[in-house]
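Asks: Residue numbers (my numbering), protein chains in the order written: chain A, 19 to 299; chain B, -19 to 407; chain C, 4 to 317.
There may be inaccurate statements among the hints.
Here are the simulated EDC-like pairs of lysine to aspartate or glutamate, each with C-alpha atoms no more than 16 angstroms apart in a straight line [to be verified]:
| # | chain 1 | residue 1 | chain 2 | residue 2 |
| --- | --- | --- | --- | --- |
| 1 | A | K262 | A | D60 |
| 2 | B | K407 | C | D66 |
| 3 | A | K244 | B | E46 |
| 4 | B | K280 | B | D151 |
To be clear, the hints were calculated from the coordinates, so they are not data collected in a lab.
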Amino acid sequence: MKIKMKKLIPTIVRHFFLLSVAFVSLVPFYIAIVNAFKHQEDIYANPMSIPFSNLTLDNLIRNFNAPNFNVPRAYFFTISLVLVTLFLVVVIASMLSYILSRNRKGFYRVAYMTLLAGMLIPIQVILIPIIQILKFLGLMLSAPGLVLLYIAWYMPFTTFVLTGYISTISPQLDESARMDGAGPITIFFRIIFPLMKPALSSVVIFVMVWTWNDFITPFVIFGSSKFYTVTTGIYRAIGQYTQKWDDVFAILFFAITPLAVMYIWLQKFFISGLTSGSIKN
Amino acid sequence: MSKKILLLVLCFIMILPMVFSQGAEDGADDAITLKWQVWITPNLSLEFYKEISSAFEAENPGVTVEIVEASATTSSSSADFIRNRLASGDVPDLWMNFQDVPAFADAGHLWAIPADDPDLQVVNNLLAQEYNGKLYSFASNAQPQGLMYYNKKLWAQSGLTEADIPYTWDDLKAVSAKIKAAGFTPIVTGGEWVPLILWDYFLGSELSKEYPNWWTLINSGEKKWNDPQVLEMVQYLDDLVKSGYFLEGALSIGYAQLEQAFLNEQGVMYPMGSWFTAAEAGAENDWDCGVFSMPTKDGKVNLTKSGGYGNGYVVYAESEHPELAFELMKKANLDPVYGAKSLQVDGLFSNITPPLTYPMSPLQEELLALVGSAEYSRPVLSHPLGEAPPMGVADYFQSNAEAILTQSYSSLEDLLQKIDDFVAEVK
Amino acid sequence: MGSVHTLPDFLETLKRIQYMKLNTHTNTKIQNLILFSPGFIIYVGLIVFSIILCFYYSFFDWDGIRKTMDFVGFTNYIRAFTNNEFRSSIVTTFYFAIFGTVVVNIAGIVLAVFLNQKSPLTYFYRAAFFFPQLISLVAIGFIFKGLLSYIGIVNTMLVNAGFAKIDFIGTPDNAPLTVLLISIWQTTGFATVLYLAGLQAIPNDLYDAAKVDGANAWVKFRYITFPWLAPSFTAVTVFLFTGYMKIFDIIFVMTGGGPAEKTQSVAVYIMKIGFNQFRISYASAVAIYMTILVMAIALILTGVLRKREELLIS
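Excised from the complex, chain A in its bound form (with noise of 0.2 angstroms):
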């Protein structure tokens, strides 16, 4: 392989910008974890350096546990709430996709339209009376009202990206499997779901990170509550702090670290799944 002198400068400036980019993209993160583990001191003596000499796991241990953010329970809470609300957003998000994908008319139609408006909705609207439908179902200040509320929350989104997926597999399987006698159910679940890989994975990263990220629902819904999410914690814990950047740098850390390393292991599962499914439109 000849490298022409033609093609390389080319080459060195488009590695030169990309890298300029992946640099900018990424410090930030750089700076809020290496200050994490500095006293506050090295920290304004020089925010990039890394004193290897004089670093500290004092921080991380101090905001471990503070009382307004408890990062193992928060976890926790967190962790048990994105597999829950992932796991019923699956199940119910694809049998309804399955129902209005095979179903194009009537009243389907209409409730397939009625879905996709949904899409454009802002959470502000929803956010106020939401509180009166979960307190009149004995829902509010519950983990499960939360969960409730984002099945529905992501079910446009989710039916959109499903219901556009499973058009693409042929209603022949469903015939065939229908001569042999079974219902929509068995054919749903034997035959069509299996074969949603894909756009579930597309499905189940947004989901994912949504959730995981998601400031505003919890912070109205689970306000006046012993309850946090990483999110709302972090939030919490800082809004108190400002100043003390060994505190605030420690804090993030615990709230960065783990959806980095998760990510940094599964990146092409990320990614695919997040095009996978969107070009589908």
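Knowing the structure of chain A, use the given hints to seat chains B and C on it.
Replies: Okay, now just chains B and C, sitting in the frame of chain A:
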């Protein structure tokens, strides 16, 4: 298929702890559980509240006090927190740091406390805190607010003495000019909610002196914010900003940093409420701190303070044990030990006869003397002056102060008009 | 099957066959409903019903505390229409939406084009660009608050290097731009990844044909890449614009809408009137306005861009 079942099982295991953790909060059925909503601040910690609740539990066997934590990071105000709870149906019995008595009393959510209760008779001017003929709380403490603390060391270094303590607006301008000439920052202030107090204090000392029932006049339409007299007061604040007497970049530092900045001698004067004295008492500053009241136009001392309908404690109307909640309210405020501690941790002064005392720092003694000698003492502008202000008006005080600090307004009349517009809108 | 030896038996069997057919048809319908209902009922019960309730509240005068409310008709809507603060919040929101969408689109396309080469580093770059998307805006808001505060890290470095401090967040002139830049920084990765996928869907023979004709990079981009990216462009633009119109988290954490309400988007304004001022009904009316606005823009944008897609792909 088996993978699915595994996943199903896994998720049910996940749901269980969440669902069950709900039940654990209900507590035992045979004992009485009293829910106390507390307000956590840097001065008022959870441990402090727990001390009081433990003592109360010891005196009342069979009663468990469940502390419900609220703070500025969970809700914008105690009322907001309570409203969220009202909507969810899980309302604490005793609330504190609660400011919005009129709206909630009108809605029937507050329990009237017995004004003839013998323990309450020690409170000075007990019935002055009535709303519509009913008493919902009692003013067992006084919280001076419109104060200017000053760093005595830097004061002297700027060539000023005790005699230079300012009483009038012009006095303040003069000392600020001298301090600036000496190379120091005259007044430190900050962002977050702090600009609100700039409006409350700098204008309030003059405005509430002239019109002790300002909000009654505003609500009835007799007076407007966009008024030549009020404009003068705004111009006074504006002049101070234009002369560069305030800390640079104030709006991007928070309250905690601001306090630290003053303690680290980054400015000479610090407008803040009496709660700062508690922080100063606990801080290790190697300089002496003094205090004077916010200057007024003619120099007459109007020491503005927190107003309202009591000490911020109220009982929920639909509580199952209102009398018990009332007992807890009394314990936290009138008890010789815990009442005194409540005052000490937050830099408050006792408003009962005989007053509860606690070991005071030199600054606190100075402040106490100031309280005793002030000619007037009126509530700050964001609290009831006559009638109560509309809820949320403090937001406009704050954004107006921000606009002045950053000199980003079209006209000062415009800023005042905003408040008038808001009042008209919510009527 | 049953016996057919006697007439009654035969009729019985006939009935059973017909019943079975009906049964299967009904059975299908029932099964369809079973699959359909949970999702739809939850959605309607929580979301649709909430919107109806919000609409209902907006015609009354409720503060969220009183047990009763008075009917006031369209007062709240008229009030919002003439309210300066609401208007400013719409202007602010459009500021973020328009500049944000334009810049992120351009940046996304440029980066995707640069990235679209088969090189091992591509994975690294792509991962790096996308990373900010994964972190919650609350965490990002605090990180940048720490970096850009007047006494924060960047200013410390500036001072150490001999420059003057810059007030990124505390002045009404700088704050909106700062927030906009941070949100652009966070969102560009999303657009890049989507455009990259769109690019990889473009058939290579087009490029080969162009090379044979001696086309340079710019020509290739203008006549092949850009038109073929039209579907991605539609999706990304609509997604970005509607997302920006709802911008909340980052503003709430970094500036709270200030200073002097200069960064107050409509979403932040609604939170303020609803939760600080306790004006639930008024907040509901503003929320309905916001919903209509977002929907209208989404429909218009989608319509216009879809037409463009058709024109270009032909």
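Asks: Each hint should be assessed against the structure and marked as holding or not.
Replies: Against the structure, the hints:
1. A:K262 / A:D60: Between A:K262 and A:D60 the Cα gap is close to 12 angstroms, so the pair holds against 16 angstroms.
2. B:K407 / C:D66: 12 angstroms, holds
3. A:K244 / B:E46: With a Cα-Cα distance of about 12 angstroms, the restraint between A:K244 and B:E46 holds, given a limit of 16 angstroms.
4. B:K280 / B:D151: 12 angstroms, holds
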